[in-house]
Amino acid sequence: MRRVLVVDDSLLIREVARMSLESDGGFVVATAESGAQGLAAAVADRPDAILLDVVMPEMDGPATVQALRAHGETRGIPVVLVTGRDQEEDRRAFTELGVAGVISKPFDAAALAAQVRDVLGWGT
Amino acid sequence: MIAGIEHVAELIRRESGMALGPSRMPALAAAVERVAPGLDGSRVATAAVKDRGAAGILAQLIDEVAVNETFFFRHRRELDAIDWPDLARTAQAGARDHVRVWSAACASGEEAYTLGILAGEAFAGSTPPVLILASDISRRALDRARAGIYAERSVRQVPADLRAKYLLELGRGYGVDPKLRSLVRFQHHNLVSGSVPPAHESPFDLIVCRNVLIYFDPEVATRVVAALEGALAPGGTLLLGTADRLCGPASAFAASPVREPPRRTSRRPRAHVSRRPAKPEAVHSGPSLTAALKAADAGRLGDALEVIDAALAADPLHSDVHFVRGVLELTRGDAAAAVRALRRALYLDPQFYLAAFQLGRAHDFLSQKESARRAYAQALRILEQGHVERPDLIEGLDPADVEAACRARLHALSPDANAPVPERSA
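Here the protein sequences come in this chain order: A and B. So for the first sequence, my numbering puts the first residue at 81; every next one is plus one. So for the second sequence, my numbering puts the first residue at 72; every next one is plus one.
Just chain B, same shape as in the assembly:
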């Protein structure tokens, strides 16, 4: 291992928000060997601080370690929640001629082009009235995105009719049709250290940010979400991935334990943030939880907690109710109370991986790193053992996403040196 590699990791964390834990160190060391052969970590860190340009050492290292594996129509259900007619109305109300979309972590372009395809299907005419800005921290990924050429594996989830319409078969792969290509503009951007929205960009009607927050520290994730909400035009929509919601600000999770589409917040005039209403009939655990979640959704956390207390008085052994209590406490900022409630949920149902994950987050908020690490590890263990028999509280939540979030947090925290958490193979 390269001496002083942790200095390089810290520099990358500060620059990009990507927290690289011990299990990523070999990959980082290999990247350092490629970018700056023969230098130790301290010297690389010093050189990187001096050379922060587009082709500098730091940018090259970020390119090397950025996680950007993705494909067309990834987590389609999240994207199907986009209400394109509503976005068009929002743009028209703002006297704009196009719906302005920002794919804020586009990696190699698959998400941005997918958004273009969905817009193309939503509107009549050959070219939808949509302009998509696609940005990423990795210049290498952006080069691939601009090229717009993909292997069969990347387009495997594109339905055949859409593939024929928007992609060109190139023998051993697929190219993006020029009309689709013309909808998307690619640009380098750093969500953590760059301005949000990017310089010279006006507000957006839709911002999509998925599979990014899981790699950030909680406070960085919270700050990024707030900045993204601030980059929305009045009436605009922020679409976070299901897994990202688990890692964003506590408020992002308040209305989640109901079966509903991914979180969408709308920025109304004066930056009021509204939520989709909860769907009472769809709640998993009965009328009390429904009432509590509705109250939480309306911002009445005190009322929600009263309902939960009443439910617990009637049935103190209900793990779901303790879980929701924990989420509500986390939402109102009482992480210590959240820890107590989530521990009870886990005590009553030791296989409740979401409770373990949220317990990790509650400890994270209290800066109790070791406890947080233990809770994330417990969630991971439950998931790895396949003991996920209970119906998930959140429709559309892929346990693999929670697993990825657990791993990301474990990487970010200082783990027990004897128990490095292995990476999930891609």
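Extracted from the complex, chain A is given alone in its bound form:
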């Protein structure tokens, strides 16, 4: 069973994503409320993918991606950014970070699991 880590400072977003990914995707979902917590959870649990918020206090999404890439244990974990910043230049900058994909906020909760599968090429 695929394991996904959701990192977002909004409890509402974490809860909606968790419920959607569990019920619609059948994934095992863990959550973290900051970049630092997310990094620690990723190192400890090695999830199959990370859904990562961009705008967070202290350690934001891009900084978290860089920290994940710097760790041997987490370097290869695909990251999907979830963000309300979806201008063309933002997307280009995110792509340069080497993330697997970007999902726009607010997202369609009913379609989130399918979107994640699609971005990660997991099939159904």
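Each hint should be verified, as a subset may be incorrect.
To be verified - Quick look at which bits of chain A chain B covers, simulated, 3 or more residues with Cβ under 8 Å: (1) 96–110; (2) 186–193.
What the hints assert, rightly or not - In silico SDA-like cross-links for lysine to any residue, where the CA-CA straight-line distance does not exceed 25 Å: (3) Lys185(A) <-> Gly306(B); (4) Lys440(B) <-> Glu474(B); (5) Lys250(B) <-> Ala110(A); (6) Lys250(B) <-> Pro137(A); (7) Lys250(B) <-> Ala195(B); (8) Lys185(A) <-> Pro274(B); (9) Lys185(A) <-> His169(B); (10) Lys250(B) <-> Asp151(B); (11) Lys121(B) <-> Glu86(B).
Stated by the list, open to error - Quick partial rundown of chain B residues pointing at chain A, CB under 8 Å, derived from the structure: (12) Arg160; (13) Ala162; (14) His169; (15) Val170; (16) Glu192; (17) Ala195; (18) Pro200; (19) Gly265.
Keep in mind that the hints were calculated from the coordinates and are not lab data. Note that the coordinates shown come from a computational prediction; the quantities given were computed from them, not determined experimentally. The beta carbon of each residue, even a glycine, is placed where N, CA and C say it ideally should be.
Fit chain B to the supplied structure of chain A, relying on the hints for placement.
Same frame as chain A, but now just chain B:
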């Protein structure tokens, strides 16, 4: 009795929507004695018009006569119908960080805190992503709500595990845990004369309004429900109490005579109001009624009435079918036709208290006060005699709520002076 007390009652009705019938006059007179001793009704009314501030005479009188007896987890089944994950999805889709909830007549706070507890149980983490606005017309009740201290009686229906988690034992009572307290914001608000939503408030994902409409005149209840629906965010939910549905707009009752949770309307983009689908297998009175109710639910009242006509052609002595016909007629605004159908339902089954109650409402809509009063009194008589042997058409409907609604309407109407309707003891 204080001379001119009816002027004070009328002023309260206009300000708050609370209709005080003759049986409430002694309580109102006692309130006037406490608030403005020595003044007659006309003078109090004059003074109240001039002094409408927060601590004014009118506000004090409303505090005195407001009905705000409640307790934690009251009518739990209605609250269990709340789909918290769906509300969270709605809030997320609207780019909000919290589910916005409004307890629109919170009295002394029990309902608002109950909503906080249910949200706490629905979401993981120590603090649910929920913000609750709780408002009431009574400032005195709001003071109690803010204090958050309750007697054993108020928390008797809180399961032990939740009591341990959300309430603090205080020796002779219970206090609300600070975490639960932090979810709720209390504010004075008048549903009838205030703006809906309250000033400076953005739309809500969930509005709960229970045990309020039964005290309003039908047209006020209809207006308040429409205003509440307008205060919902797209995809939001309005939860009315079962008894309130009986007193709201006729449309609120259209899909009700099936066994389903309380009415929830969802406000979709462009304010489209959708209903939960009827559950065909759960209808009490056979496939014809099922088909009719499904059609009514989909807004096809004409089709629904055709089905009902066919059912009546096959079995003209079926009281349930006449009852549903009456409800449908009321829904499409033909109260006179509703009266005819509901009378037949009652003729065929004289113990059909819901038919008597709906007959009262149909007369109410026609402003036939005396007939309405007789019908409500008949419903009350059936209920008081305990002749409620037929299975209720509406699951979860407490006959006591219909009784309360009958009393509220009887109080609001001008009754026969020789037959004041006594209050049910609390």
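Do the hints match the structure? See the list:
no. : hint                    : verdict
1   : 96–110                  : holds (count 4)
2   : 186–193                 : holds (count 5)
3   : Lys185(A) <-> Gly306(B) : holds, 17 Å
4   : Lys440(B) <-> Glu474(B) : holds, 18 Å
5   : Lys250(B) <-> Ala110(A) : holds, 24 Å
6   : Lys250(B) <-> Pro137(A) : holds, 23 Å
7   : Lys250(B) <-> Ala195(B) : holds, 14 Å
8   : Lys185(A) <-> Pro274(B) : holds, 20 Å
9   : Lys185(A) <-> His169(B) : holds, 15 Å
10  : Lys250(B) <-> Asp151(B) : holds, 22 Å
11  : Lys121(B) <-> Glu86(B)  : holds, 13 Å
12  : Arg160                  : holds, 4 Å
13  : Ala162                  : holds, 6 Å
14  : His169                  : holds, 6 Å
15  : Val170                  : holds, 7 Å
16  : Glu192                  : violated, 13 Å
17  : Ala195                  : holds, 7 Å
18  : Pro200                  : holds, 4 Å
19  : Gly265                  : violated, 28 Å
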